[in-house]
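Visitor: Read off the chains here:
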Amino acid sequence: MHSKLIYVIFATVLLMAGILIAICLAESVPNGAGLAHAQFNGMRVGGDGAARLEHIGGLAFAFQALLLLLIVCLSALGVAEERRSPQLWAYMGGTLLFSLFVWWQMYSGHQAFLETGVTSYFMGFPVATAWQVYGTWLGAIPLIILYSVGFRKFIFTDEDEMKYEALLEKIAKETEQ
Amino acid sequence: MEAYRQEIIIGAVIIYMVFCVVTGLWAMRLTKNSSDFFIAGRGLGPIVVSLALFSSTLSGFGFVGGPGLVYSIGVSSFWMIVISSTGYALGFFLVAKRIRMIADVRNCISLPDVLAARYNSEAVRFLIAVTIVLGVMGYLATQILAMAVVMQAILSGTAMFADIGLVTCVVISSAVLIFYCVTGGIIASVYTDVVQGGIMMVAGVLILLTAMSVFDGGMQEATSIILADDGEAMMPFGAAGIMASLGWFFVFGLGLAGQPHLVTKMMMNRSIADNRTILPMSLFGYVMAALLWVSIGVIMRAAVIDGVIEPLALPDDAASLFLSIFTNPLLAGIVFAGLFAAIMSTSDAFLNIGTAAIIHDIPKAIRGRAIENELFWARVVTVILAIVAASFALYSHFQDATLVAILGAFGWATFAASIFPVLAIGLNWKGATAMGAVAAIVSALLINFIIQLAGIVLPYGILGGLIAFIVSLTLFIGVSLVTKKPELAADMEAVLDI
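Each protein sequence line maps, in turn, to chains A and B.
At the far end of the first sequence sits residue 978, using my numbering, and the numbering has no gaps.
At the far end of the second sequence sits residue 526, using my numbering, and the numbering has no gaps.
Just so you know, these hints were derived from the structure itself, not from any lab.
Keep in mind that the hints are not guaranteed to be accurate.
Calculated lysine to aspartate or glutamate pairs in the EDC-like style (CA-CA distance at most 16 Å, straight line) [to be verified]:
no.: 1; chain 1: B; residue 1: Lys458; chain 2: A; residue 2: Glu962
no.: 2; chain 1: A; residue 1: Lys964; chain 2: B; residue 2: Asp525
no.: 3; chain 1: A; residue 1: Lys964; chain 2: B; residue 2: Asp519
no.: 4; chain 1: A; residue 1: Lys971; chain 2: B; residue 2: Glu521
no.: 5; chain 1: A; residue 1: Lys964; chain 2: B; residue 2: Asp132
On a predicted model such as this, the values are computed, not experimentally measured, just so you know.
Please take these sequences and the hints and turn them into a complete structure.
Guide: Pasting the structure below:
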């Protein structure tokens, strides 16, 4: 485990921390986290969406993009270093691009709604929300396929299993002695 | 059938509770030692583990609080569930294989056991055990209270039990929970989880179908009603805004691999190779059950805005009112049984890990050895822990809500911030040190506790739990990088190499 992956993860977390600080220091807007519904008790509304994103929209977009990078890096950390092959990195890169595409569609769809006030629908939800509901849920499917289908290639190979069995046997013998 | 609505619902709940008691008696015969009691002797098959894993993830909060959150803040709360696929994936990539290996190699029966072995540190064991006990008290108290409130609502609808009190309902529901947890330990817990998971999946799908029929135009009509009332509520960041939404994405996504009641289940499977099927099966179950969260919340918000029903007194009434207004009695019975199942499956998992922390880990961290006759004391402490949590719940309800609220602060976000770096990264990076682990756990506890106690409100709805998580991740890696690289025991070195 001598790779530089942990440094990439550390740098990503530091950048995210920096963005959070910048958001905390950004000019605040009234009702940035919503306000009570004028008519119905217990219900909240978002109000002016464009105003809420005016000072932090770009920062929030970058924060989420870094989080998606962090998720892919952490998943790769869960694969033993000698099996982090170019093939694995290509797959992980594709997964990241897919997640970023979903995030972009969601964010830009919301921006378009804020500008025009109209939206089309997909499977019951406004398009931007449909990207959130279906896209985000499906965004991790490549990772799940990699884990399940590639289990014996990347996660726990036959060689790993033999090493593990040998370790257990060794411990059992030592315990007997 | 409509005339017997309450009777059908009560019948479904009673059948479910009798099943739990019978399972407890059956599992008692299989529970011969503390390893059986806490981790089912590491002999569970993939279907059992999958269902137990997802049903423990979706607690009463998912069945009651989830729809209430959608009613209250719109799409913002969707972020807590759409991240589940990523959360499960990360949990399996980072934790499932090595936690099972360490449990085998060092004969571990709890999460603090595993982490003490990984870091060769009793301080890490002690801090994680204390975090678990604090979190368990908060979680258990709120779950028991939720169970009693729902039971009171069901029973008070009948002539015979019209005046039933909350205390009686706490006693009845806690008694069933205690009975099967004490007699059958984790074996009873996971096998009831299997049925609980099945009920939750069926309930989720049936509720979605019912919800889609409330408005002639289906889900699209409901979402367009909400959108017309407030565009933001139905857009991806909801009423709570972008930073609250992304905070939940972070804390619920990465944090799943830091929940002790979930990762402990990853130690229980018969074979490491089973993980390849457990991951997709758990996720499938979770998605089916979570349909209830989304569909009830959206329909109830739209129905109130559209004047179809009266405004709710409390957002958390969304699920129970939906069931009483829009569903037939049989479905309502299944879903109420599913609701008890969701609450109990989480409660029994917490009762189990809390007991392990008290009778196994804290004594081991302080005295250097476990107590004698662990199985007997495990049963005794399970009873005491449940009674104390039920007392907290009642005290909170009748006297002062602060106590459970403070303990509740040690919930999902605190577990995520304090345990994820230490466990999920620590099992995959040899450079992680005990000093880094201690810094991460202490900082996560302090930040969550201070923000909760001081009532600090961060701009743009940023969550305190998110700040705690990022600080603990930073400190864990940063402190580990600057402290001396640890000498790992040979067996740990071998496990981290595989």
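Visitor: For each hint, tell me whether it holds in the structure or not.
Guide: So, going through the hints one by one against the coordinates:
no.	hint	in the structure
1	B:Lys458 with A:Glu962	20 Å, violated
2	A:Lys964 with B:Asp525	10 Å, holds
3	A:Lys964 with B:Asp519	11 Å, holds
4	A:Lys971 with B:Glu521	14 Å, holds
5	A:Lys964 with B:Asp132	14 Å, holds
Hint violations for this structure: number 1 only, all remaining hints satisfied.
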